[in-house]
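J.: With the hints in hand, could you dock these two chains into one complex?
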Amino acid sequence: MADHLYKEPILTLRDISMQFGGEVILRDISLDVLNVVRPGVSQGQVVGFYGRSGIGKSVLCRIIAGLLPPSTGTVLVADPQRPVCPGDVGFVQQRYPLFNHRTLLDNLLVAAGRKHSPADAKAKAEEFLTRFDLAPHRRKYPAMLSGGQRQRAAIAQQLLCSEHLIILDEPFSGLDIAMIDEVKKIILEVTTLDELNTVVIVSHDLATTTALSDTLWLLGPERDAAGQLLPGATISKKHQYNVADMGLAWQPGIQAKPAFVQLIEHLKDEIRKA
Amino acid sequence: MLKDLFVPNAKPRPSVFLTMVACQVLFLLLLWLFYPLQLFPTLGEVLASFKDLVTTQGLIQELWASLTTALGALAIATVLALLISYLTALPFFRPIAYAASKMRYLTLTGLTFFMALMLSSGHQVKLSVLVFGATVYLVTGMTSVILTTTQEEMDHARTLGMSEWRSFYEVVVLGKLDEMLEVVRQNFAIIWTMITLVETLYQSEGGIGLLLYKQNRYLHLAGVVAIQLVILGTGALQDYVFAFLRRMFFPYSELTVAK
Ligand SMILES: Nc1ncnc2c1ncn2[C@@H]1O[C@H](COP(=O)(O)OP(=O)(O)OP(=O)(O)O)[C@@H](O)[C@H]1O
Ligand SMILES: [Mg+2]
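Protein chains in written order, with this note's numbering: chain A, 1 to 274; chain B, 1 to 259.
What the hints contain is simulated information worked out from the structure, not anything from laboratory work. Among the hints, a few may not be true.
Which stretches of chain A does chain B cover? Using the computed rule of at least three CB atoms under 8 angstroms from a CB of chain B, they are [to be verified]:
(1) 81-92
(2) 106-115
(3) 119-125
(4) 151-161
A quick note: this is a predicted structure, and the numbers were derived from the prediction, not measured. For glycine and all other residues, C-beta sits at the position ideal for the given N, C-alpha and C.
Next up, chain B with everything else stripped away, as it sits in the complex (with noise of 0.2 angstroms):
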């Protein structure tokens, strides 16, 4: 049982793994509570600032407009980045494709200014810069997971008489639907480490980015690591919301994975 955990591609069962990741959780705890770093705040420090930053600062509503911007940005940047991958199919779209994924390499502070230039409102820039962000690295993972795409695949769809574009909605669209969403659940951490950038460029809208800014100015280290936690959290909980969502819509698609 217990020497499960150490043997490689043991299958513990669910209640001893869940039992010894409880005790590595609480090992850590513990550490912190009792050996405290020199500058890291101490867990009680970081408790008490998570409870004033939700009851004095609006953590939570904060972290909510955060929240409905990412996934608002996340949902434009899926639908351009599918049409521009999808589009490869076409010798003429490939080139774009290309430079898209290329466009990864810009910074995004120069990528900011440009867009102040060209629009007029902070929201609008914000929304932007998170959605041209995350379709760059979105159309990368895209055409990566289309260039898997074998040579007997296609030809198993040409041969049951289905015309070229048939073929490729078949094999590449509906075929890989569910690694698409897994590129989305991959990328979606890009969209967190620029809003709370982008946050901070434009103040107007609040949000946790200019909250974690505002601890950072002014050496709040303990509320520093609430907000970096309450992200985490945040994060942990989406990956498992899209996790969920792949189970739920694409029940093949992990039947082939060593278990």
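Same shape as in the complex, but just chain A (with noise of 0.2 angstroms):
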């Protein structure tokens, strides 16, 4: 199928492993996000990242934000490609944090004002208040927002200052079907907005994340040769799946599909092996 084709890259990891204290957390991924492109679209990239609780997905998240150096390896962003450094990569932590002292209002803003002049920011943060129904509540303290606000706003807050790459760790988790449409649909929006844009997304939500996608990783423990099980987790290539190249990606409705269901199965078995 000739239907897309792919170019620079985007993100490179190269041999990324974490150990905290001696206890080996992440063993030599190596990933590369190309650039993918579709005629007669801007067409962005989605990775759908998954694996068990507690397997290291947040840590990698945090290395490729640039947060936490790797014990070894290196991630490299931009074009042309160099090391990342905090602030290249917008990440949604898992706990949606927002500046606790700023009303909403103000914490978009306070983003906005990084890429946007005072009257653009402005403007943004207003577009993203009503986009994320969170317009009736601009003069509230993070404090006084729900869950899900509180993770809409975060998510809007780094889509109002991000560059083009962007990692949401859990953000269908908490929210209401209308709520993950919304968030589905701004994902959508993000991706076909520039070539460039790219979002991963954490999820344990395999079918809405995997539809989304173009890119899936799972990370998971690998055995050796002898069938001992290797300390640390990993990438495998076995487990790096392009799902544009299945024919599953960016299709409305796709979810319905036998070759979609098969592969949500596929994936389930693989995250159980675990």
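T.: Structure follows, in structure tokens:
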């Protein structure tokens, strides 16, 4: 199928491993996210990132975001590729931190101010408030918001100031169906806005996330030739899925197709085995 | 209603609660009135002595003099302590904060002696002793507030593209200003304990400490109690003002507290 091809690298992980005080968490992770090009669309990249709880997904996210130096290896971003610095990659952390001393609107404004002039920042912040159903709460402090509202606010904050790369650590947990749809819509919008925009979604919701993705990573433990469990988790070649090449990416209503259902079942089995 | 007063974490109506407090105070006063302790002055004696202190010895003026000195010292100490604690962001300055906080253990008397050697006027000695004493306590409280900053908070600021300094300013300086005010409130009391002592050493400027000292010296127990009560009242008022300021400037600061 020639409906898409791959160009320059956007995100590269080379031999990443991570230990905390001798405990190996991640081992030998090498990944490439390439700019996928489809004729007629500015198609960004979406990576679904799975793995058992406690396996090291959030740790890898922090490494990719440049917040945690890995024990070995490098993360490269941008074009031409260079080592990542904090701020290069937007990262919505699992517990949705916001500035507790600022109102919701202020939280968005301080983020929008990074890329926009004050007037534009105001307009952008207002736009996100409306889109995420947060407009009536603009004057509230984060402590007064519901869990889902905080989460949307945190996502909006990162979207307002991120460059091309953004990581969402469990963006669907705790949201109702309408809001999941809204977040899905926004991810689609972000990734079709610019050729280079790339979203990594950490999630336990396989169906929702896979339907959005063109690439999947599955982080899990591995056995050596003798069948012994190796310390630390990795994303082996076998566990890097190219959904686009399978012909299962970028299609609305994909979730009903037998091939998609099969893929989900396969992923579930792989995760259970881990 | 009344039994609410003995249920854990209950929220009695404000009117009920205030009535209860009034009854407790009244009970204490009655106890004092009808069961005088042997040495302890009676309520009547204390009141008489209070009247005398106000009319003939200028209690109000002395209180005002002490209060302004205390506030001045607190202001200087707060600025100094904030500076020292914020500078802990730079490894170079960390030993200074550490040393400053350990100076809490220095005794006031020895300190006063040194200050007196270095400075000429009594007023300067008084002020610098107060500033020094308050600063070391404030630095201790403030650095411990700064140490509550979490990795998540700092990472959040960094992912928004803020530089290290900007992240520090946003999360530690702006984000914890309300807690710093609380540290200042808690440590204001230290200044009061010091001021009464320092005023007796440098008597030229008077102050409520000197007044207290004189009452002590002439064994005017009723006067001592009266002055102590005045200081207690001033302290309570101060606490109230600080709480008010905190609510006014940092409306977010008590949102997560259990009510
Ligand atoms: N700073 C640290 N020091 C020591 N161990 C750590 C540290 N941070 C994470 N770990 C360990 O690394 C492992 C992976 O943690 P991580 O938060 O990445 O899990 P996760 O895959 O995101 O799980 P979940 O799906 O539950 O969020 C855990 O066992 C955790 O205890
Ligand atoms: Mg996690």
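J.: Hint by hint, say whether it matches the structure.
T.: Here is what the structure says about each hint:
1. 81-92: Coverage by chain B holds for the stretch 81-92 of chain A (5 residues, Cβ < 8 angstroms).
2. 106-115: holds (count 3)
3. 119-125: violated (count 0)
4. 151-161: Coverage by chain B holds here, the residue count being 3 at a Cβ distance below 8 angstroms.
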